[in-house]
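Asker: Sequence:
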Amino acid sequence: RLLGIATLLLGGILFIGGIPALALASQSIVNANAAADSLPINLQTLPLPESTRILAADGTALADLYQQNRVEVSIEQISKPMQEAILAIEDSRFYEHNGIDFRGTVRAYVTNQISGGVVQGGSTLTQQYVKNSLVLSAKTPEEAAAAKAKTIARKLREMRYSLAVERTNTKEEILSGYLNIAYFGAGAHGVEAAAKRYFSKSAIDLTVIEAATIAGIVQQPTGYDPIRNPARNENRRNQVLDRMVANGYLDSGEADNLKKISVKTYLNPTPIRNGCTGSVAPFYCDYVVQLIRNNPSFGESQEERDRFLRESGAIITTSLDLKAQASAQAAVDKYIPRDDPSQKAAAISMVNSKTGEVIAMAQNRTWGTDGLGNTTYNYNVDALHGGTAGMQAGSTFKVFTLLAALEQGYGPATVLDSSTPKTFVNFTACDEGAPAFEPYTVNNSTRSGVFDMNQGLAYSVNTYFMGLEELTGLCRPVDIAEKLGVRTGKGQPLERVPSFTLGTAPVTPLMMASAVSVFANHGTHCPTKVITKIVTKDGEEISLSKTACNSVVDPGTADTAALMLTNVIDGGIEGRTGARMSLGREAGGKTGTTNDSAAVWFVGFTPEISAAVWVGDPRGGYKYPMKNITIKGKKYKQVFGSSLPGPIWREALLGALEGSEPTSLELQPSWALTDKGIAPVFVAPPVDPNAVVAPVPAE
Numbered sequence: 001r002l003l004g005i006a007t008l009l010l011g012g013i014l015f016i017g018g019i020p021a022l023a024l025a026s027q028s029i030v031n032a033n034a035a036a037d038s039l040p041i042n043l044q045t046l047p048l049p050e051s052t053r054i055l056a057a058d059g060t061a062l063a064d065l066y067q068q069n070r071v072e073v074s075i076e077q078i079s080k081p082m083q084e085a086i087l088a089i090e091d092s093r094f095y096e097h098n099g100i101d102f103r104g105t106v107r108a109y110v111t112n113q114i115s116g117g118v119v120q121g122g123s124t125l126t127q128q129y130v131k132n133s134l135v136l137s138a139k140t141p142e143e144a145a146a147a148k149a150k151t152i153a154r155k156l157r158e159m160r161y162s163l164a165v166e167r168t169n170t171k172e173e174i175l176s177g178y179l180n181i182a183y184f185g186a187g188a189h190g191v192e193a194a195a196k197r198y199f200s201k202s203a204i205d206l207t208v209i210e211a212a213t214i215a216g217i218v219q220q221p222t223g224y225d226p227i228r229n230p231a232r233n234e235n236r237r238n239q240v241l242d243r244m245v246a247n248g249y250l251d252s253g254e255a256d257n258l259k260k261i262s263v264k265t266y267l268n269p270t271p272i273r274n275g276c277t278g279s280v281a282p283f284y285c286d287y288v289v290q291l292i293r294n295n296p297s298f299g300e301s302q303e304e305r306d307r308f309l310r311e312s313g314a315i316i317t318t319s320l321d322l323k324a325q326a327s328a329q330a331a332v333d334k335y336i337p338r339d340d341p342s343q344k345a346a347a348i349s350m351v352n353s354k355t356g357e358v359i360a361m362a363q364n365r366t367w368g369t370d371g372l373g374n375t376t377y378n379y380n381v382d383a384l385h386g387g388t389a390g391m392q393a394g395s396t397f398k399v400f401t402l403l404a405a406l407e408q409g410y411g412p413a414t415v416l417d418s419s420t421p422k423t424f425v426n427f428t429a430c431d432e433g434a435p436a437f438e439p440y441t442v443n444n445s446t447r448s449g450v451f452d453m454n455q456g457l458a459y460s461v462n463t464y465f466m467g468l469e470e471l472t473g474l475c476r477p478v479d480i481a482e483k484l485g486v487r488t489g490k491g492q493p494l495e496r497v498p499s500f501t502l503g504t505a506p507v508t509p510l511m512m513a514s515a516v517s518v519f520a521n522h523g524t525h526c527p528t529k530v531i532t533k534i535v536t537k538d539g540e541e542i543s544l545s546k547t548a549c550n551s552v553v554d555p556g557t558a559d560t561a562a563l564m565l566t567n568v569i570d571g572g573i574e575g576r577t578g579a580r581m582s583l584g585r586e587a588g589g590k591t592g593t594t595n596d597s598a599a600v601w602f603v604g605f606t607p608e609i610s611a612a613v614w615v616g617d618p619r620g621g622y623k624y625p626m627k628n629i630t631i632k633g634k635k636y637k638q639v640f641g642s643s644l645p646g647p648i649w650r651e652a653l654l655g656a657l658e659g660s661e662p663t664s665l666e667l668q669p670s671w672a673l674t675d676k677g678i679a680p681v682f683v684a685p686p687v688d689p690n691a692v693v694a695p696v697p698a699e
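Going by the numbering used here, the sequence shown opens with residue 1, and the numbers climb by one from there.
Hints were generated in silico from the structure; no laboratory data involved.
Check each hint, because a few of them may be wrong.
[Claimed, not checked] Cβ-Cβ distance ranges computed for the label pairs, FRET-style:
1) Pro-141 / Leu-544: 33 to 39 Å
2) Val-535 / Gly-278: 35 to 41 Å
3) Ala-579 / Pro-435: 53 to 59 Å
4) Ser-664 / Gln-492: 36 to 42 Å
5) Tyr-624 / Thr-420: 22 to 28 Å
6) Gly-659 / Asn-443: 40 to 46 Å
7) Leu-544 / Asn-628: 44 to 50 Å
8) Glu-661 / Thr-630: 37 to 43 Å
9) Pro-435 / Gly-659: 55 to 61 Å
10) Asn-443 / Glu-661: 42 to 48 Å
11) Gln-492 / Val-535: 55 to 61 Å
[Stated by the list, open to error] Below 25 Å or equal to it, Euclidean Cα-Cα: the simulated DMTMM-like pairs (lysine to aspartate or glutamate) are:
12) Lys-634 / Asp-340
13) Lys-139 / Glu-311
14) Lys-637 / Asp-340
15) Lys-627 / Asp-340
16) Lys-259 / Asp-225
All of these numbers come straight from a predicted model, not from anything done at the bench.
Glycine included, every Cβ here is placed at the ideal spot set by N, Cα and C.
Input sequences plus hints: build the corresponding full structure.
Answerer: In structure tokens, the structure reads:
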């Protein structure tokens, strides 16, 4: 019966502008009625798409990702003035009708005719809610167009659904539903996003004048945008204030005073950023996104995972430490500015030595596609997660051979002829039946002679570690590296070849930072962890897959290697490669320089943080090597791991650890006493906690 009356009313006034009854008194009305009768009785609504937020470990927002910038709130989280303002201007008889307001429609028509413009809407708030819901739930462009089409059928469909909505929902639920679904301009969907966008506050805190400003926008979101069109918004705001007076929500004197205030004086807009671009840690943020996009736990298809990221309203908490991140970013930018003409890049990854949590990820690039110093490639991670195919890690790989040798009983006193050049002929393949390797000749880039293991490590002698790898065999060093999470940047297994110990495999800083944490954790390795918690918009915590820590090498073996690596930095061997990286607290590390300086590295650890730094040229290390170059006005004949990566590592860790008390690695070194090499346990020099850490001297 109500739809029949509505049809007659539409015959006189279908839209606010008015359409003659004769134009509608046709078969189209009959068809529209029939179409409306065939609809389901109840409106099926989908969950509102909401912004997903990524947080740092301390709860600081890193980024919002959304299809529509929206945060759904309850009616209790919306201020009373905001509720009253929207009712006054959009549906003053909201609490008196049942979804269709014939009197209100006629009143709006007359008011608009008198004013010569559109002052009041002809649809009830319920009808507007229904219309927005139908648009939002449309699966095709055609369905979306039909939900907005100016036809009798659409209007009758809205009316039918409005009656159903009123039967199944309270007025408060409908009002909050409308305020959450409506578009308020400037990219703000829903009243909470609008409050943040225009006034940098929550909807519960909106004042009368702010509420009137927002309520006035909904009719023409672009035209009444107070940021772009303050004068037009001010006029519309004043109309809202008048309607609030007419409906008893506001005293006329107060309204007059509010009308005198310029909208520019109380606007406090917050720029909206969709995605990781504006984040303080854009590359870390993107890594979080890529982890979810590649994880079937968040949806069987790529489309479902993207919807989770941009529509679920989830809160994703990460392990990012803002202090460590700021220090890491400052370090890479200090040594190689983003706009340096050399175009050389630096990247650093930092992990918690004990847990594997990734606490920082920085590179001397701005997130973007155009211009010097911009990129969307994350040099810290693998290709699958937005990174590259990896970079050769050079002599940092000697740490894996070191572990294998100690494990097999070759102690620190193991002496080897380390002359240069030296040819190695005794390598055998790991695969049974595979042909033996051809003779392999290697040169040293540092020192040559006869060295024990401490010296070979401190000087990073290539032929020493090739000889050591010849003793251990190729299988175990590679096996250790893979158990520590090292793969190629393309996710492939490492090759079991003689050049392994020289670091010819293309890997990433994050892999290496994670791998060297084994030295700070007594042989135990914890896989990297970035996402620590995800809470749905309903407050339920999503169960995340657990990554167990594993013992990779014996604690005594790992502690022996760790102690030797602390001597690379703070030991007594003159000319050691890590001498410039002392932190004034216990730390170990290893330089890495590839053939022809295609890439240079430093990896190191403290009890708290393990980190890896890569420096090179993203255009191709062999085509653009780290030789005969000028960086930040300084000329380099050749860059080594100790030249730039080491100082970046040192600077980043000093900042990240600033203010914390030095702690001990608590090493208990031991190794098997065999005829392959016997050496006594040695002790690293004590660290003075009160020592002043001097700046890194210029080369």
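Asker: To test your reading of the hints: which numbers does this structure violate?
Answerer: Per hint list: 2, 3, 11 violated.
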